[in-house]
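Hey, can you work out the whole structure from these sequences and the hints?
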Amino acid sequence: MIKYHVCKDQTISSIRVSGHANYKKHGEDIVCAAVSTATILSANLLERMGFKGDYTVSVEEGFFDLKVIQSNPNLEYVLINLEETLKELELQYPKYIKHQKEG
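Under the numbering used here, think of the first position of the sequence shown as -3, with each following residue one higher.
Just so you know, these hints were derived from the structure itself, not from any lab.
Mixed in with the good hints, there may be bad ones.
Listed below are the simulated DSBU-like cross-link pairs for lysine-lysine, each with C-alpha atoms no more than 35 angstroms apart in a straight line [what the hints assert, rightly or not]:
| hint | residue 1 | residue 2 |
| --- | --- | --- |
| 1 | 4 | 83 |
| 2 | 63 | 4 |
| 3 | 83 | -1 |
| 4 | 48 | 63 |
| 5 | -1 | 94 |
| 6 | 94 | 20 |
| 7 | 91 | 21 |
| 8 | 83 | 94 |
| 9 | -1 | 63 |
| 10 | 63 | 91 |
| 11 | 21 | 63 |
| 12 | 83 | 21 |
| 13 | 83 | 97 |
| 14 | 21 | 97 |
| 15 | 20 | 97 |
| 16 | 83 | 48 |
| 17 | 20 | 63 |
| 18 | 48 | -1 |
| 19 | 21 | -1 |
| 20 | 97 | -1 |
| 21 | -1 | 91 |
| 22 | 48 | 97 |
| 23 | 91 | 20 |
| 24 | 94 | 48 |
| 25 | 91 | 4 |
| 26 | 63 | 97 |
| 27 | 83 | 20 |
| 28 | 94 | 21 |
| 29 | 94 | 63 |
| 30 | 63 | 83 |
| 31 | -1 | 20 |
| 32 | 4 | 97 |
| 33 | 4 | 20 |
| 34 | 4 | 94 |
| 35 | 4 | 48 |
| 36 | 4 | 21 |
Rendered as structure tokens:
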């Protein structure tokens, strides 16, 4: 199962995604592919928008961790979009992706 956690007060300070959906076998797993695409697209967009020093990102097999150093409205919009995408995927595939709440 993929688990994701979004940490925020007034703005998003971090997004962590980990695990594998196991929806289908490797190479055919549309849930993993969708999550991977959303996370990498978001990180790449932030870099292309010139926010490289405003966040850190770690990407490994089955793991994505983005931490905000300095927020701004445009960076926040990208992260809100990522959060909403993960929520939509969770609604469509509730057995394979879950929001991990604090505590």
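Pairwise hint evaluation, residue 97 against residue 48, where the allowed Cα distance is 35 angstroms at most: Holds, at roughly 28 angstroms.
Hinted pair residue 20 and residue 97, Cα distance within 35 angstroms: Status holds; Cα separation ~26 angstroms.
Satisfaction of hint between residue 21 and residue 4, Cα-Cα up to 35 angstroms: OK: residue 4 and residue 21 at ~34 angstroms, within 35 angstroms.
35 angstroms Cα cutoff - pair residue 21, residue -1: holds, 18 angstroms
35 angstroms limit on alpha-carbon distance, applied to hinted pair residue 4 and residue 83: Distance ~15 angstroms between residue 4 and residue 83 Cα, so the pair holds.
Holds or violated: residue 91 to residue 4, with C-alpha atoms at most 35 angstroms apart: Status holds; Cα separation ~25 angstroms.
Given pair status - residue 20, residue 4, alpha carbons within 35 angstroms: holds, 32 angstroms
Satisfaction of hint between residue 21 and residue 83, Cα-Cα up to 35 angstroms: Given pair residue 83, residue 21 holds - Cα atoms ~23 angstroms apart, limit 35 angstroms.
Pair hint residue 48 and residue 63, alpha-carbon separation not exceeding 35 angstroms: holds, 11 angstroms
Pairwise hint evaluation, residue 21 against residue 94, where the allowed Cα distance is 35 angstroms at most: holds, 19 angstroms
Proposed proximity, residue 20 with residue 94 (alpha carbon, max 35 angstroms): holds, 17 angstroms
Straight-line alpha-carbon gap residue 83 to residue 94, limit 35 angstroms: holds, 8 angstroms
Taken one by one, the earlier hints all hold for this structure without exception.
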